[in-house]
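Protein chains in written order, with our numbering: chain A, 4 to 108; chain B, 10 to 227.
A hint or two may mislead.
Simulated coverage check for chain A against chain B, where a stretch passes if three residues somewhere in it have a Cβ under 8 Å from a Cβ of chain B [unchecked claim]: (1) 17-25; (2) 52-59; (3) 94-101.
In silico lysine-lysine, BS3-like type, Cα no more than 25 Å apart, as pairs [what the hints assert, rightly or not]: (4) B:K92 - A:K40; (5) A:K99 - B:K195; (6) B:K92 - A:K26; (7) B:K45 - A:K83; (8) B:K43 - A:K99; (9) A:K56 - A:K46; (10) B:K91 - A:K26; (11) A:K26 - B:K70; (12) A:K56 - B:K91; (13) A:K67 - A:K56; (14) A:K26 - A:K83; (15) B:K61 - A:K83; (16) A:K67 - B:K176; (17) B:K146 - A:K26; (18) A:K99 - B:K61; (19) B:K91 - A:K83; (20) A:K40 - A:K67; (21) A:K56 - B:K61; (22) B:K37 - B:K195; (23) A:K99 - B:K45; (24) B:K70 - A:K56; (25) A:K83 - B:K176; (26) B:K146 - A:K83; (27) A:K26 - A:K46; (28) B:K176 - B:K37.
Derived from the structure by calculation, the hints contain no laboratory data.
For every residue, glycine included, the Cβ atom is placed at its ideal position computed from N, Cα and C.
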Amino acid sequence: MKSTIAVMADPDTVTGFMLGGIKDGFPVDNMEEAGEKLEELRKEYSIIITTEKIGDYHRATIDKMSSEDALPMIIEIPDKTGSIDRESDPIRELIKRVIGVEMVE
Amino acid sequence: MAQEMIEGVNPTRMELLKLKQREKLAVKGYSLLKEKRNALIMEFFNILERVKGSRDNVSQKLQEAYQDLTAAQIIMGDLAVKKAAMSVTESVDVDIDSRSVMGVVVPLIESETAQRTIVERGYGFMDTSVKLDEAAKKFEESIQLIIELGEIEKTILLLAGEIESTKRRVNALEHIIIPRLENTVKYIEMRLEEMERENFVRLKMIKKTMEETEVANG
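Build the full structure now, drawing on both the sequences and the hints.
And the structure:
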C-alpha cells in the first residue's frame, strides 16, 4: 500500500521537515486549529508527525485514534524547545503494566 | 472457603454431563489462550529490544537538526528558509504493510529515504547558506529514525493491548470459570450419590416393614 506522510506542527518544525523532504506540511498556530487539522488529516494520511506539545493537548483524541485502528500512525516528536520532561514515559508505563516489572532502562 | 458455583443447576445426570463438557471446553480454551499469551509476550520482548534508546536517538538527532535550522534562519532569514523548504523535492518513500502476530495486525513499514546530494534537493545555491544544507541533511536522517520509531511504538501499543486482554481472559478462566465449573460438577456428583444412598435406605426400610407385616400376619 502506498502511503503518505504529513507533518502538522508549529511553523518552524514544519519548515524543517519540508526541508527534509516531506511535502505535506501543515503549520498550525494554536491548539484548537491543531485539533481540527488532525481530524482532517487522519482520513488522508497514514503517518502523521506532530509535536509532543500538540500531542499532550489532544491526548484523549490521539489515544482514541491510535487504539481504534492501525492507521494512521501518529508520531510525536519534540519540537525545537526540546522534549518535555515527563514524569513517566507513557510507553514505559505501558510496558510496566503489561509485563508487571520495569524493563527498559 | 466458600466454594463458588453456578447458581440454579439441577442435580441431574443430564446437567452433570453438560457441565463436564463445558469444563473440558474451558480447560482447552485456557491452555490455548495461555499459549497465545506466551507467544505475544515473547514477541513483545523482541520489540522491546528495538525500542531501547530509539526515542533518545530521535530527540538527539532532532535537536541537532533544529539547531542547524535556527542557524540557517538567522543567516538567511525566516522567509528565505521557508522559500527554500518549499522547493525541496519529496524524498520519503514509504510503504506500509501489515503483519499478523497471533491475530494482532501490526504495521510493517518499509521506508526509503534516499540520501540525496545537495543538488538533488532542489533549492538554489545563490541565496542559501551551508547551514541550510546541514539542516536538510539532518532532517532527512531524523525522518528515517522517526518513521522507525513510529512503527515500533505503534506495534508496542497494539501488542500491549492484546496482551492485556488475553491476560484478563486467561485469569478469568483460571481463577473463576474453571473452579466454578469444577465445584458445580463436584456438587452434582455429591448430590447424586446422596440421593442414591437415600434411595438405598428407603428400600431397606420398606423391605423391613414388609417383612415385619409378613411376620405379624403369618
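These are the hints, each one checked on the structure:
1. Figure legend: the region 17-25 of chain A, annotated as covered by chain B; annotation consistent (8 residues with Cβ-Cβ distances under 8 Å, at least 3 required).
2. Note: the region 52-59 of chain A has 1 residues with beta-carbon separation from chain B under 8 Å; the three-residue rule is not met and the coverage is violated.
3. For the region 94-101 of chain A, the stated coverage by chain B holds: 5 residues have a C-beta nearer than 8 Å to a C-beta of that chain, and at least 3 were required.
4. Restraint check: the Cα-Cα separation between K92 of chain B and K40 of chain A comes to about 23 Å, which is no more than 25 Å; the hinted pair holds.
5. For the hint pairing K99 of chain A with K195 of chain B, the CA-to-CA distance comes to about 39 Å; that exceeds 25 Å, so the pair is violated.
6. Restraint check for K92 of chain B and K26 of chain A: the C-alpha separation of about 13 Å stays at or below 25 Å, so the hint holds.
7. The hinted pair formed by K45 of chain B and K83 of chain A fails the criterion: a straight-line CA distance of about 43 Å is larger than 25 Å.
8. Pair hint K43 of chain B plus K99 of chain A holds up; C-alpha atoms about 20 Å apart against a cutoff of 25 Å.
9. Between the alpha carbons of K56 of chain A and K46 of chain A the distance comes to roughly 22 Å, so the proposed pair stays at or under 25 Å and holds.
10. A distance of roughly 12 Å separates the Cα atoms of K91 of chain B and K26 of chain A; the hinted pair therefore holds under the 25 Å criterion.
11. Restraint check: the Cα-Cα separation between K26 of chain A and K70 of chain B comes to about 20 Å, which is no more than 25 Å; the hinted pair holds.
12. For the proposed pair K56 of chain A and K91 of chain B, the alpha carbon gap of about 22 Å is at most 25 Å, so the pair holds.
13. Between the alpha carbons of K67 of chain A and K56 of chain A the distance comes to roughly 17 Å, so the proposed pair stays at or under 25 Å and holds.
14. Note on K26 of chain A and K83 of chain A: the hinted pairing holds, with a Cα-Cα distance of about 20 Å set against a maximum of 25 Å.
15. With a CA separation close to 23 Å, the supplied pair K61 of chain B and K83 of chain A stays within the 25 Å bound.
16. Straight-line distance between C-alpha atoms of K67 of chain A and K176 of chain B comes to about 22 Å, which keeps the hinted pair within the 25 Å bound.
17. In summary, the hint linking K146 of chain B to K26 of chain A is supported, as the alpha carbons are separated by about 15 Å, within the 25 Å threshold.
18. For the hint linking K99 of chain A to K61 of chain B, the alpha-carbon distance of about 14 Å falls within 25 Å, and the restraint holds.
19. Only pairs whose Cα atoms come within 25 Å are accepted, and K91 of chain B paired with K83 of chain A is accepted, the gap being roughly 16 Å.
20. Proximity of K40 of chain A to K67 of chain A is assessed by CA-CA distance (about 16 Å); at most 25 Å being required, the pair is judged to hold.
21. This hinted pair checks out: K56 of chain A and K61 of chain B have alpha carbons roughly 23 Å apart, not beyond 25 Å.
22. As the CA atoms of K37 of chain B and K195 of chain B are separated by approximately 19 Å, the hinted pair is consistent with the 25 Å bound.
23. Only pairs whose Cα atoms come within 25 Å are accepted, and K99 of chain A paired with K45 of chain B is accepted, the gap being roughly 20 Å.
24. At roughly 18 Å between alpha-carbon atoms, K70 of chain B and K56 of chain A fall within 25 Å of each other, so this suggested pair holds.
25. Taking the CA atoms of K83 of chain A and K176 of chain B, the gap is about 40 Å. The hint is violated against a cut of 25 Å.
26. For the proposed pair K146 of chain B and K83 of chain A, the alpha carbon gap of about 17 Å is at most 25 Å, so the pair holds.
27. At roughly 17 Å between alpha-carbon atoms, K26 of chain A and K46 of chain A fall within 25 Å of each other, so this suggested pair holds.
28. Distance hint between K176 of chain B and K37 of chain B is fulfilled; the C-alpha atoms sit about 16 Å from each other, no more than 25 Å.
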